[in-house]
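S.K.: What follows is each chain in one-letter form.
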Amino acid sequence: DVKVTQSSRYLVKRTGEKVFLECVQDMDHENMFWYRQDPGLGLRLIYFSYDVKMKEKGDIPEGYSVSREKKERFSLILESASTNQTSMYLCASSGIQGFSPLHFGNGTRLTVT
Amino acid sequence: GESVGLHLPTLSVQEGDNSIINCAYSNSASDYFIWYKQESGKGPQFIIDIRSNMDKRQGQRVTVLLNKTVKHLSLQIAATQPGDSAVYFCAGEGGGSQGNLIFGKGTKLSVKP
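For the protein sequence lines, the chains are A and B, in the order given. Using this note's numbering, count along the first sequence one by one with no gaps and you end on 117. Using this note's numbering, count along the second sequence one by one with no gaps and you end on 122.
It should be emphasised that the hints constitute simulated quantities derived from the structure, not laboratory data. All of these numbers come straight from a predicted model, not from anything done at the bench. Cβ atoms here follow ideal geometry from the backbone N, Cα and C, with glycine treated the same way. There may be inaccurate statements among the hints.
As the list claims (entries may be wrong) - With a cut-off of at most 30 Å between alpha-carbon atoms, the simulated DSS-like pairs for lysine-lysine come out as follows:
(1) K17(A) x K65(B)
(2) K61(A) x K65(B)
(3) K51(B) x K74(A)
(4) K57(A) x K117(B)
(5) K65(B) x K7(A)
(6) K74(A) x K22(A)
(7) K117(B) x K59(A)
(8) K59(A) x K51(B)
Claimed, not checked - DEER-style ranges, computed between Cβ atoms:
(9) E66(A) x Q23(B): 41 to 47 Å
(10) L45(A) x V79(B): 22 to 28 Å
(11) L17(B) x F103(A): 43 to 49 Å
(12) T9(A) x D64(B): 44 to 50 Å
(13) Q90(B) x F24(A): 37 to 43 Å
(14) E73(A) x P91(B): 40 to 46 Å
(15) G20(A) x A87(B): 21 to 27 Å
(16) G50(B) x S84(A): 35 to 41 Å
(17) P18(B) x E26(A): 28 to 34 Å
(18) K77(B) x T117(A): 31 to 37 Å
As the list claims (entries may be wrong) - Only some residues are given here: those of chain A computed to face chain B with a beta carbon under 10 Å:
(19) F24
(20) V28
(21) G111
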């Protein structure tokens, strides 16, 4: 089974702090994604990556950046956390063979105070 | 823009009955659709997928139906059990970027004993 592991289940940070959310997958997947999930808004794509050191903006990249130095690891960075970034953050990965579903981690619930 | 949406935000069924969760999509070029289940405190879990060259696919107790004419898909769960209580999302290929999916907002399924 594919395993996508997010390093923290819960985080509480202060406004203005720099925040790192880490994600690791164990299936040698090329594609990795970061979503945020908010009530009434569903899942929204922040950033994704097709390969090491490659990144693409999703639908809501403002206020975020990402890093992919190794194939198995994809980090989401909040340069200066704000209260409107309080959310559930979900990491996902997928392979590139044909049609391939995303496999999700269990999420990090981030609260910015 | 493209969208994927569910018809009902909540659905309540009696244990043992069949459940049907419906979803509509707007992008007629979408080739691939997925259903996810999300239990409280967990990330979305892959249930079943279907490609646009099929109109039906069956799994264990689940069936997905795809009607490309009216851009509609449904998830049928046979003999619904309490463990099926969760939020169910449909997702469709968004086009453009590889692996980029567009998610519906989810239907919360409640199973009454």
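S.K.: If a hint holds in the structure, say so; if it doesn't, say that too.
M.R.: We went through each hint and held it up to the structure:
1. Annotation: proposed proximity of K17(A) to K65(B) is violated, straight-line Cα distance about 46 Å (limit 30 Å).
2. A C-alpha spacing of about 34 Å is found between K61(A) and K65(B), which places the hinted pair above 30 Å, so the restraint is violated.
3. For the hint pairing K51(B) with K74(A), the CA-to-CA distance comes to about 25 Å; that is within 30 Å, so the pair holds.
4. For the hint linking K57(A) to K117(B), the alpha-carbon distance of about 38 Å lies beyond 30 Å, and the restraint is violated.
5. About 28 Å separates the Cα atoms of K65(B) and K7(A), which keeps this hinted pair within 30 Å; it holds.
6. Distance check on the hinted pair: K74(A) and K22(A) sit about 21 Å apart at the alpha-carbon level, within 30 Å; holds.
7. With a CA separation close to 33 Å, the supplied pair K117(B) and K59(A) exceeds the 30 Å bound.
8. About 26 Å separates the Cα atoms of K59(A) and K51(B), which keeps this hinted pair within 30 Å; it holds.
9. In this structure the hint that E66(A) and Q23(B) lie 41 to 47 Å apart at CB holds, the actual value being about 45 Å.
10. Distance hint for L45(A) and V79(B): a CB-CB separation of about 26 Å, consistent with the stated range 22 to 28 Å.
11. Distance hint check for L17(B) and F103(A): the Cβ-Cβ separation is about 27 Å, which falls outside the suggested range of 43 to 49 Å.
12. Take T9(A) and D64(B): their Cβ atoms lie about 37 Å apart, and the range 44 to 50 Å is violated.
13. One distance hint, 37 to 43 Å for the beta-carbon pair Q90(B) and F24(A), holds here, with the actual separation near 39 Å.
14. For the hinted restraint 40 to 46 Å between E73(A) and P91(B), the CB-CB distance of approximately 44 Å keeps it satisfied.
15. Take G20(A) and A87(B): their Cβ atoms lie about 52 Å apart, and the range 21 to 27 Å is violated.
16. A hinted range of 35 to 41 Å for the beta carbons of G50(B) and S84(A) is inconsistent with their spacing of about 28 Å.
17. Our hint of 28 to 34 Å for P18(B) and E26(A) holds, since their Cβ atoms are close to 32 Å apart.
18. Checked against the hint of 31 to 37 Å, the C-beta distance between K77(B) and T117(A) comes to roughly 47 Å, which is inconsistent with it.
19. Proximity of F24(A) to chain B is violated relative to the hint, the smallest CB-CB distance being about 19 Å (cut-off 10 Å).
20. Look at V28(A): its Cβ only gets to about 14 Å from chain B, farther than 10 Å, so that hint breaks.
21. At about 5 Å, the closest approach between the beta carbon of G111(A) and any beta carbon in chain B falls short of 10 Å, and the interface hint on this residue holds.
Hints 1, 2, 4, 7, 11, 12, 15, 16, 18, 19 and 20 from the list above are not met by this structure, while the remaining hints are.
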